[in-house]
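Two independent chains are provided; combine them into the complex using the hints.
Just so you know, the protein sequences line up as chains A and B, in that order. Take the working numbering: the last position of the first sequence gets the number 230, and nothing is skipped along the way. Take the working numbering: the last position of the second sequence gets the number 1478, and nothing is skipped along the way.
Simulated from the structure, these hints should not be mistaken for lab results. Do not take every clue at face value.
[Stated by the list, open to error] These stretches of chain A come out as covered by chain B in the derived footprint (C-beta under 8 Å, 3 or more residues):
{"no.": "1", "region": "97–107"}
{"no.": "2", "region": "141–148"}
{"no.": "3", "region": "170–184"}
{"no.": "4", "region": "188–197"}
The beta carbon of each residue, even a glycine, is placed where N, CA and C say it ideally should be.
Residue-level listing of the chains:
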Amino acid sequence: MASLRANDSARRPLGGVLTKPFLFISTLVLASVLLGACSEPTLGGMVRTPEPYVGDVSLPDASDGERDFLTIAEENEILVVYFGYTQCPDICPTTMSDLRKAVEDLGRDGDRVDVAFITVDPERDTPEHITGYVQSFFDDGHALRTEDVARLEKAVLSYGAAFSITTDADGTVEVGHSALLYAVDSTGHILVQWPFGTLPEDMTNDLKILLRKET
Amino acid sequence: MRRGLLLVLTLSALVAACSGGGGIEVDDPWARTSASSQNNGAVYMVIKGGDTADRLIEVSVPTSVAAVTQIHESMMTEDEDGEDMMMMQEVGSIDIPADGEAVLEPGGFHIMLMQLAEPLEVGNEFTVTLTFETADQVDVTVEIREG
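Bound conformation, chain B alone (with noise of 0.2 Å):
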């Protein structure tokens, strides 16, 4: 019995150890879909890091998505009067902890896409190209989902 589920670990450690170049694992990558008149859209999704911190260094889409892609981060900033401001500013990089997580979504960091080429419309999906400092080069499906 013990031995069995010695063997069952040691399996999943050896699954675990083979998963992802460099370990880095990205989960749920989407988009929303894009209004009408829209030339910019975001993409969202969780990068989880691996046994070493990294940074995303670079993201990029085919020109048949979008001319343009940037890291950006959306934040809340004052103006002179004190009023709650939110700002999106782009970003050089984004720190991935190991054994940690960094999360793309709405209102922080995400992914902009700059002059869509086309609509982003639900049933479509594209890939982003995410270039770590030290990782390997990960190629994700975005999913494009209704708002």
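Chain A with its partners taken away, still in its complex shape (with noise of 0.2 Å):
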């Protein structure tokens, strides 16, 4: 079959060009471009090696009655943890819309993402703020708040996401945040992270091949 398509093209007006070499070298090339199409689909996410693991990390769920949740999924799904803030006009929701789509294009294999936003500005996003903006996007999300601010440390590092918040003379706030969606396993692993423009399509397939290894 490869060799039948570099036949293809050196029968083309440019086939002069077209030397031994040359045709040795693209018949190995699209050879192996078809041997890639298929083995094991790969991760388009950021892998990081060893994966973190964050299965101790427990934070309040202020959507659950403030019970302690524990940052690891249940059997045969993914979580995907976030840290944001809920007056983040741009970063934050263009985030959990894209993984809202990714999630819906799973079809019946959504319901085996969960998701949990842990807010790094829990003086401003109170218990029902965080609860409403997570849930506006998914319907069972997690709203993680605490007002110890070493328990938020400890979880931000953990992920190795990182936050900052300082007030202003004229008492604007002003926050920075990790814009990265995490994706952990029932182990309690960092699977793969995706950063901020990572489109739906490719959280889409990456969702499949974690959900696979799941089951």
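Following this line, the structure appears as structure tokens:
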């Protein structure tokens, strides 16, 4: 099949410049592309080695009566975790909206993806606020919130995330935060993370691969 | 045949010259629906420059939409440990290059609506007034879209 394609191109007017070594190399390239298509699909997002363990990170779930929530997926599921805040008009809604699209495109398997949003701005994000926000994107989404800064910082550190909150002289609050989505499996490891701007379809593909591994 | 083509070219050049005050044109202005309990929103669009470079210096919406409107930019920075962090800051203006365009899009420049009067819902629209350094003010109708 591969050599057929190469012969095809040799028949085109450009065929004159297709020397034997060129044909040989292009056949090899084509063959490896075709082989690649047959092999295991690879993750498009960022994979960290060793996979960071976050299964011991626990934060109160404002959407579940402040009960402690461990950031670990249930059996056969994937938990997607994000650090953000509700006053964020651009990055956070864009990310949540893209993730929602990605999960919707999984069809029935979308039920096997759980989402937890950790607020880095607990002072302004009241429990009601953060719950309403998260659940406007995901009906069963978890709104994780703690006013214990040390506890939040420990969570941030475990994920290798970052955040900062500063208040200007005029009272303007500036928030910075990691704009990554983390996909955690049922052993509590981050299998893949998606930076801001990852296309929903790429997340869908990665989620399909991860969910297949979970079953 | 050739004369016909020339006429068409001349006419289209004239039409192009007439459109838009000062040559600024705005494409595809939109805002995302706001989630429940979300106080702020963002407006995106593509601003196409005219013959000369210009700058977007002020933006406003009616108070029935939001209390404060500012030009913002989201940008990637690093914290002291070298971790990537997304920050957002107010910028005084956005350059509109001559014959080029300024793109306001998620993760970059955007018009930030603060203290939304009502949630932004699909089917509604509102007006943003853009003030430029040189070109005439432009009112654009912003379409609200689902995520």
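Violations among the numbered hints: Failing hints: none at all.
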